[in-house]
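Whenever a hint applies, use it, and build me the whole structure from the sequences.
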Amino acid sequence: MGRPHLLAVPYPAQGHVMPLMELAHNLVDHGFKITFVNTEFSHKRIMAALSNNGYDEDFIHLVSIPDGMEERDDRNDLGKLCDAMVNIMQGHLVNLIKKINGSNNVDDKITCVIADKNLGWVLEVAQRMSIRKAAVWPASAGFAAVALHIPKLIEDGIVGEDGSLLKNQMIHLSPTMPAMNTSHLVWLCMGNRGLQETIFKVMISNTRAVKLADYIICNSFYELEPSAFTLIPNFKPIGPLFASSRLAHFWPEDSTCLSWLDQQQAKSVIYVAFGSFTVLDTRQFEELALGLELCGHAFLWVVRPDFTCEGTDVYPEGFEARVCSRGRMVGWAPQRQVLAHPSIACFLSHCGWNSIMEGLSVGVPFLCWPYFADQLLNKSYICDVWKNGLGFDSDENGLISREEIKAKVVGLLGNEEIKGNALNLKEIALKNVSDGGASSRNFEDFVQWIKYEG
Numbered sequence: 129m130g131r132p133h134l135l136a137v138p139y140p141a142q143g144h145v146m147p148l149m150e151l152a153h154n155l156v157d158h159g160f161k162i163t164f165v166n167t168e169f170s171h172k173r174i175m176a177a178l179s180n181n182g183y184d185e186d187f188i189h190l191v192s193i194p195d196g197m198e199e200r201d202d203r204n205d206l207g208k209l210c211d212a213m214v215n216i217m218q219g220h221l222v223n224l225i226k227k228i229n230g231s232n233n234v235d236d237k238i239t240c241v242i243a244d245k246n247l248g249w250v251l252e253v254a255q256r257m258s259i260r261k262a263a264v265w266p267a268s269a270g271f272a273a274v275a276l277h278i279p280k281l282i283e284d285g286i287v288g289e290d291g292s293l294l295k296n297q298m299i300h301l302s303p304t305m306p307a308m309n310t311s312h313l314v315w316l317c318m319g320n321r322g323l324q325e326t327i328f329k330v331m332i333s334n335t336r337a338v339k340l341a342d343y344i345i346c347n348s349f350y351e352l353e354p355s356a357f358t359l360i361p362n363f364k365p366i367g368p369l370f371a372s373s374r375l376a377h378f379w380p381e382d383s384t385c386l387s388w389l390d391q392q393q394a395k396s397v398i399y400v401a402f403g404s405f406t407v408l409d410t411r412q413f414e415e416l417a418l419g420l421e422l423c424g425h426a427f428l429w430v431v432r433p434d435f436t437c438e439g440t441d442v443y444p445e446g447f448e449a450r451v452c453s454r455g456r457m458v459g460w461a462p463q464r465q466v467l468a469h470p471s472i473a474c475f476l477s478h479c480g481w482n483s484i485m486e487g488l489s490v491g492v493p494f495l496c497w498p499y500f501a502d503q504l505l506n507k508s509y510i511c512d513v514w515k516n517g518l519g520f521d522s523d524e525n526g527l528i529s530r531e532e533i534k535a536k537v538v539g540l541l542g543n544e545e546i547k548g549n550a551l552n553l554k555e556i557a558l559k560n561v562s563d564g565g566a567s568s569r570n571f572e573d574f575v576q577w578i579k580y581e582g
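Under the numbering used here, the first residue of the sequence shown carries the number 129, and numbering increases by one thereafter.
Just so you know, the hints here were simulated from the structure itself, not pulled from any lab data.
Incorrect hints may appear among the rest.
[Claimed, not checked] Below are the DSS-like pairs computed for lysine-lysine, each with C-alpha atoms no more than 27 Å apart in a straight line:
no.	residue 1	residue 2
1	172	161
2	554	395
3	547	559
4	237	161
5	226	161
6	559	395
7	227	237
8	329	208
[Stated by the list, open to error] Simulated restraints, written as ranges between beta carbons of each label pair:
no.	residue 1	residue 2	range
9	394	513	42 to 52 Å
10	525	298	23 to 33 Å
11	396	208	16 to 26 Å
12	340	282	15 to 25 Å
13	468	362	31 to 41 Å
14	256	283	27 to 37 Å
All of these numbers come straight from a predicted model, not from anything done at the bench.
Cβ atoms here follow ideal geometry from the backbone N, Cα and C, with glycine treated the same way.
Now the structure itself:
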């Protein structure tokens, strides 16, 4: 008998492709072969980021199918993208599965479908085609608990049937979970009312579909979110996931920044990165730049080409010349390697879950600047529960000022308790993925389930 064949389908955004690709690498190491299904749009970006190097993964086969949108359509229009994937991409996935399973080689037939929880319809496809199915929850277990709590929020009159906010109040699902303002519920932080209603309906649909999954895994660990896992005991944490792959990046990495870091003193550099989706307006971008300058510390700043609406050439006048001896700006960085570098003092982050797990796993304290969605909950975990970082306060105009940035950098780097908490979380994280650790055992159970419970 050959290697069991898994079909992995991520949501088409880098923060979702990456954890599923990391999982795929770990599964390959345990004797599986993977067909990894990206959208054509994502696939082109990944291949372009690889440049001419290609890839030589023997047991990860990259394929692509249309997402249902036109080439020039705005894929940041989440409502339109979700509709297209359900109504058009779904048919392409069904055809791909039929083609694979129609092979004369019995070993090519798909053993299990592994889908991002944001693609609940993929689990429904697997159900209809009588294929075993596992869901990957790429966010925190706390966010999963909130999503699964939506029916109770409706019942209690906190939100309406359409997701509209009826009561602006604090809610507390469990003692060691952060208190949460209902105005910060994920769908209420996204665009206009029409988009919020669309995202709410998609969340309801996906949460319902996740219940079809035979297995649910997530990139977290028990000690990080004990109360959340008590609320959702069928979610099995296997994190933090460790793998190094270029097959999930949408931008080419500038690895020259690692040589620059080699020239810096230990624990001296502020690493600044806002993930793949955050966009700042020009005024806030300038305040961030001037705040980094005002701090007086060395910094490595990831500035994507689309980080501002106006493009990247919007630095304050003379800024680049003034900071050239201690500041480095790059379009994209090899983040895992950067965070593990001995020169890094702290991580100024948008609080995306992947970034949190990467920083936490190397004991780096955080400066929290969430942008939207579950990032607000993640910030609360860092600042209020784990206490391994500080958040920024905005002024009456909603602006985070240069003075506030300097104050929080100084406050964090001088706080030995926060830095100690960060190192303690690192030790707990590493223990979980070592031999015999809880996450390691959960992963082994998952592997055995795929191989022997078909």
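Notebook entry, point to check: So which of those numbered hints doesn't the model satisfy?
Noted result: 9, 11
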